[in-house]
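S.K.: Let's have the full structure, built from the sequences with the hints guiding it.
Residue numbers (this note's numbering), protein chains in the order written: chain A, 1 to 423; chain B, 1001 to 1295; chain C, 2001 to 2223.
Where hints are given, some of them may not hold.
Under the rule of at most 16 Å between Cα atoms (straight-line distance), these lysine to aspartate or glutamate pairs were calculated in the EDC-like manner [what the hints assert, rightly or not]: (1) B:Lys1055 <-> C:Glu2054; (2) A:Lys184 <-> A:Asp207; (3) C:Lys2086 <-> B:Glu1195; (4) A:Lys407 <-> C:Glu2222; (5) C:Lys2089 <-> B:Asp1148.
Covered stretches of chain B (chain C as the covering partner; in silico rule of three or more C-beta atoms under 8 Å from a C-beta of chain C) [as the list claims (entries may be wrong)]: (6) 1085 to 1092; (7) 1209 to 1223.
A few chain C residues that don't get close to chain A, going by computed Cβ distances all over 12 Å [claimed, not checked]: (8) Trp2015; (9) Val2029; (10) Tyr2065; (11) Leu2102; (12) Ala2115; (13) Thr2121; (14) Pro2133; (15) Ala2140; (16) Ser2142.
Treat the hints as calculated values from the structure; they're not laboratory data.
Keep in mind it's a predicted model, so treat the numbers as computed, not measured.
Cβ coordinates follow ideal geometry from the N, Cα and C atoms, glycine included.
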Amino acid sequence: MERISRYILIAVTIIIAALFIPDFYRKATEKNIRAPFATYSSVNKDFIIFRRTNTDIHWEDTKGNKYTLEEYEKLLPLTYYRQLLADGTMPDSIDGIAIDTKELQKNRVHFRFKPKQLDVPSLGMYPLFESASGRVNLSLPPDMFRIVNSGIEFMDAQTNTLNAEKSETFTKKMKDAGFVFPAKWINGNPSVRKAYDEGYFIKDSNDAIYHLKMAKGVPVIHNTAIESNKGIITVIPYEVATHEFYGFAIGKDNSFYVLSTDNYKLIKLPVENFDAKKSSLQVFGNLLYRNIIVTNRDNMHCYVTNRDYNLVNELHETWKTSEETLAGKAAEYLFPLTITMTSKYSSVINPIYKYSLLSIPFNIIVLIIYIVLLIRRKSDIKLYIPEIIIIVLTGWFGLIAIAMFPKARKMKQSMIKGFINIP
Amino acid sequence: MDNIIECNNLTHYYGNRCIYKDLNFEVKRGSILGLLGKNGTGKTTTINILNGYLKPTAGNCKIFGENSQRLSADTKRRIGFLLEGHIQYGFMNVTQIEKFFKPFYPGWKSDAYFELMNKLKIAPRQKISTMSCGQRSQVALGLILAQDPELMILDDFSMGLDPGYRRLFIEYLKEWASSQNKTIFTTSHIIQDMEILIDDCMIMDYGKLLISMPTQEFLNSFREFKCTVDKNNIELEKNNLIRNYEVQHGKLSIYSFGKQDEITQYINNLGINHGDITESKLSLEDAFIGLTGKY
Amino acid sequence: MNYLLYRKEWIKTRWALAALALLSIIIIVNVWITVNHDLRFVNAPRYWNAVVFEGYQFYGRWMRYIPFVAGIVIAIVQFVPEQYQKRLKITLHLPMRENRILLSMLSFGIVMLTAIFFILTALLTILSIIYFPVNIVWAALSTVLPWMLGGYAAYGILSMIITEPVWRYRIPQIILLAGVVYCFSFGYAYKIYNNILLTITIMAIALLMSLIYSGNRFKRGEM
Chain A
1 MERISRYILI AVTIIIAALF IPDFYRKATE KNIRAPFATY SSVNKDFIIF RRTNTDIHWE
61 DTKGNKYTLE EYEKLLPLTY YRQLLADGTM PDSIDGIAID TKELQKNRVH FRFKPKQLDV
121 PSLGMYPLFE SASGRVNLSL PPDMFRIVNS GIEFMDAQTN TLNAEKSETF TKKMKDAGFV
181 FPAKWINGNP SVRKAYDEGY FIKDSNDAIY HLKMAKGVPV IHNTAIESNK GIITVIPYEV
241 ATHEFYGFAI GKDNSFYVLS TDNYKLIKLP VENFDAKKSS LQVFGNLLYR NIIVTNRDNM
301 HCYVTNRDYN LVNELHETWK TSEETLAGKA AEYLFPLTIT MTSKYSSVIN PIYKYSLLSI
361 PFNIIVLIIY IVLLIRRKSD IKLYIPEIII IVLTGWFGLI AIAMFPKARK MKQSMIKGFI
421 NIP
Chain B
1001 MDNIIECNNL THYYGNRCIY KDLNFEVKRG SILGLLGKNG TGKTTTINIL NGYLKPTAGN
1061 CKIFGENSQR LSADTKRRIG FLLEGHIQYG FMNVTQIEKF FKPFYPGWKS DAYFELMNKL
1121 KIAPRQKIST MSCGQRSQVA LGLILAQDPE LMILDDFSMG LDPGYRRLFI EYLKEWASSQ
1181 NKTIFTTSHI IQDMEILIDD CMIMDYGKLL ISMPTQEFLN SFREFKCTVD KNNIELEKNN
1241 LIRNYEVQHG KLSIYSFGKQ DEITQYINNL GINHGDITES KLSLEDAFIG LTGKY
Chain C
2001 MNYLLYRKEW IKTRWALAAL ALLSIIIIVN VWITVNHDLR FVNAPRYWNA VVFEGYQFYG
2061 RWMRYIPFVA GIVIAIVQFV PEQYQKRLKI TLHLPMRENR ILLSMLSFGI VMLTAIFFIL
2121 TALLTILSII YFPVNIVWAA LSTVLPWMLG GYAAYGILSM IITEPVWRYR IPQIILLAGV
2181 VYCFSFGYAY KIYNNILLTI TIMAIALLMS LIYSGNRFKR GEM
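M.R.: Here's what the structure looks like:
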């Protein structure tokens, strides 16, 4: 039993070492490599890229021309109209379209997606806003709903009791619309800080996606009729002033869609290089264009479309990541095992285990040192085979663990006979 | 007569330092054996090996035929320990501690324990940690007598005790051991106490067992031979005859198992000028110092 | 015969256990008063939304530390008296196999720790059920669970450290304890341990028997 206990302690020590030591090293050596940020100019129909290092910031187009802040803003009147109006340099029209400030304001879109949004643990309670109250601002409803096997339940927050009548009404209406309980996922935008509310998109047990909201206290439920073969893994509601879409949707095959308000039509965005688990995506919209930026660890892609989501221009950039610097590469030789518990790709703890085969030469060096020490202590090497295997696999992490939790020592018989007795 | 304790080729090193090598001894049933030796000669080492809290580098100790490092539960029941300093659970009081140990030992003698406890002037709920050294030793003694084991291993039973408690300890132990043929293995710094208690003695000195014999036999055969000499820088070879010697203030003292005439002839042969040789019997303490020296 | 040892363990630990139980009650009462107070000042829907969407942990900042404190305190009051003057020698000489003795002491500590956690969990559940729907209660409990598992892990490792006979080994072992506690004590959001609950449960259970390692080293007289 002592042996089992010892090996458990050694294993846990190696895990802790793999958790902390590479992380300390990374914090000490990581370079801040900033992804470039690109916008699309409606004036010269080119990308303006914002590049920043620790010492210098500037904007440049794809041909390498550099711009100051003022010149940059002048190239982006659809975005910086407030500054240009204040400066008196705002043009009256672009591409033959007259500029109306209110329209510019209304057509602004800034949507961000990060992979960690996909696995935020849900507590299963949601506020269903009154979407047609007649008031300018939304207010929090007095209850929150959850969906259970038998239907939808509204819990009144003040009394912590079930509002049976409301629950039954909504359940019946949803069942009548064909909804099969329970739900597989529920997606909405539960903030009051938005212009209006479009409720929730809910996938039922049969993979049909329904749209639920409440207008004047009455449930409004529609089957979006989005084909299940599209494999929509999530809908991300995003309310815009133009009411032209409900938000965005992501497919199993990493397709990114706009979910339009025109009968829930899915408009596929012409983006590639998007991996919902690893890429962040931003949509910048103005009166004329949509600029969709997909950013990965070592590359970035801009896709500019017109308002009908047809591709107009694109830009691709790559760079070296911190892992590819000298310090980053050295890490692969130094650390046999690296475990990270938290990452920017996940909202929950999802440990990532990385075993580096490149560390094996270093492990062998550590093993040689260990064996030399064993010989000097006149230990019987045969008894240390498990320790040798541990060090071959885990290098100096294993050595630390074995040093912290030593084995019961047995002296070699030959050594005892060789000692001279003290008279 | 069976051997309760048997140690074979006992060897121990602390790091590279050898304490002893190939030590062999046995303790027969009914024997009260005392292990004597200066500090650092391996007394504590031996006791720790015997009570299973030190693994010897080589060799083994058998108690009741079992390896002392791996005693079975039943064998442990037959052995009573006294740890150095009369260590006990300080967080219990005298009642709790008896109640704790009792169920482990089927032959537990509560009367023996409480007889001693009633002599103690303590509050019934007083924690053992708040008692004096002597009171604690009485608790330890009471517990070990109540356990009534076949073998007792005592590590320095007199440590920290004043004469009254020491005498109490010895009297109780001797009475208990002799009336029931029990076996005791003990060490102590205070050799006068050992003299009263032990029947057999073992004297260790830096890696070797010097003697192992009944105390009486030792005291009957080991003598001090004293004479005046004319110079102080006499050097003698230590051998079977001359076990130890000392020259101080013009007096030569020789400690030996031999007879007076042997001694006389030996030093005459060495050409040492000396006065009359007087032979004296020794107390155990003097014999011990004589055998092992003052340093 | 295990329960005979429990009597000694109980004498050593009963005051500390009472203090821990009292502390748990005080913490929960404090949570209850705070939630009650806040619900009077912030309207209930706002409060619920803060819990669900802003990750507001209604049971307070201190809840995270209680299980670790409990594990550490029980390990200290059980094993420091045994380590003092090497009294563990007396315990290990009792007529039972040594590993059984050690496991018996461990099982007592585990039972006591579980009792404290039960008090904490039961009171927290009762309090939460009054104010919150079962979804929120479940989320709270599954967030607190990893901390309790960490309490067991801390107990297991600290009992080993206290019993380790050689001073210099204790120092890196304490660093290990800190690392393990860190692993079990993430608390910035509800349910963040959901994906690795099984892993950390296995780790906590495995670490509970660490005492066997150092207890046997003590028995051998390692230096």
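S.K.: For Thr2121 (chain C), is the shortest beta carbon distance to chain A beyond 12 Å?
M.R.: holds (18 Å)
S.K.: Given the hint that Lys184 (chain A) pairs with Asp207 (chain A), test it: the Cα-Cα distance must not exceed 16 Å.
M.R.: Holds. Lys184 (chain A) to Asp207 (chain A) sits at ~8 Å (cutoff 16 Å).
S.K.: Since Ser2142 (chain C) was said not to touch the interface, does its Cβ keep a gap of more than 12 Å from each Cβ of chain A?
M.R.: violated (9 Å)
S.K.: Taking only the CA atoms, is the gap from Lys2089 (chain C) to Asp1148 (chain B) under or equal to 16 Å?
M.R.: violated (19 Å)
S.K.: Does Trp2015 (chain C) really sit off the interface, with its C-beta more than 12 Å from all C-beta atoms of chain A?
M.R.: The claim holds: Trp2015 (chain C) sits with its nearest Cβ about 30 Å from chain A, beyond 12 Å.
S.K.: Assess, step by step, whether the Cα of Lys1055 (chain B) is no farther than 16 Å from the Cα of Glu2054 (chain C), and give holds or violated.
M.R.: Roughly 59 Å separates the two Cα atoms, so the pair is violated.
S.K.: Could you check that no beta carbon of chain A comes within 12 Å of the beta carbon of Pro2133 (chain C)?
M.R.: violated (5 Å)
S.K.: Can you confirm whether the C-alpha distance between Lys2086 (chain C) and Glu1195 (chain B) stays at or below 16 Å?
M.R.: violated (29 Å)
S.K.: Closer than 8 Å Cβ to Cβ for three or more residues is the test here. Does the region 1085 to 1092 of chain B pass it with chain C?
M.R.: holds (count 7)
S.K.: Closest CB-CB distance from Val2029 (chain C) to chain A, is it above 12 Å?
M.R.: It holds; Val2029 (chain C) is separated from chain A by about 19 Å at its closest Cβ, greater than 12 Å.
S.K.: Checking the smallest CB distance to chain A, is Ala2115 (chain C) really beyond 12 Å?
M.R.: Nearest chain A Cβ is 25 Å from Ala2115 (chain C), so the label holds.
S.K.: If we take the beta carbon of Tyr2065 (chain C), is the closest beta carbon in chain A still more than 12 Å away?
M.R.: Answer for Tyr2065 (chain C): holds, closest chain A Cβ roughly 19 Å.
In terms of the numbered hints stated before, the structure departs from hints 1, 3, 5, 7, 11, 14, 15 and 16, listed from lowest to highest.
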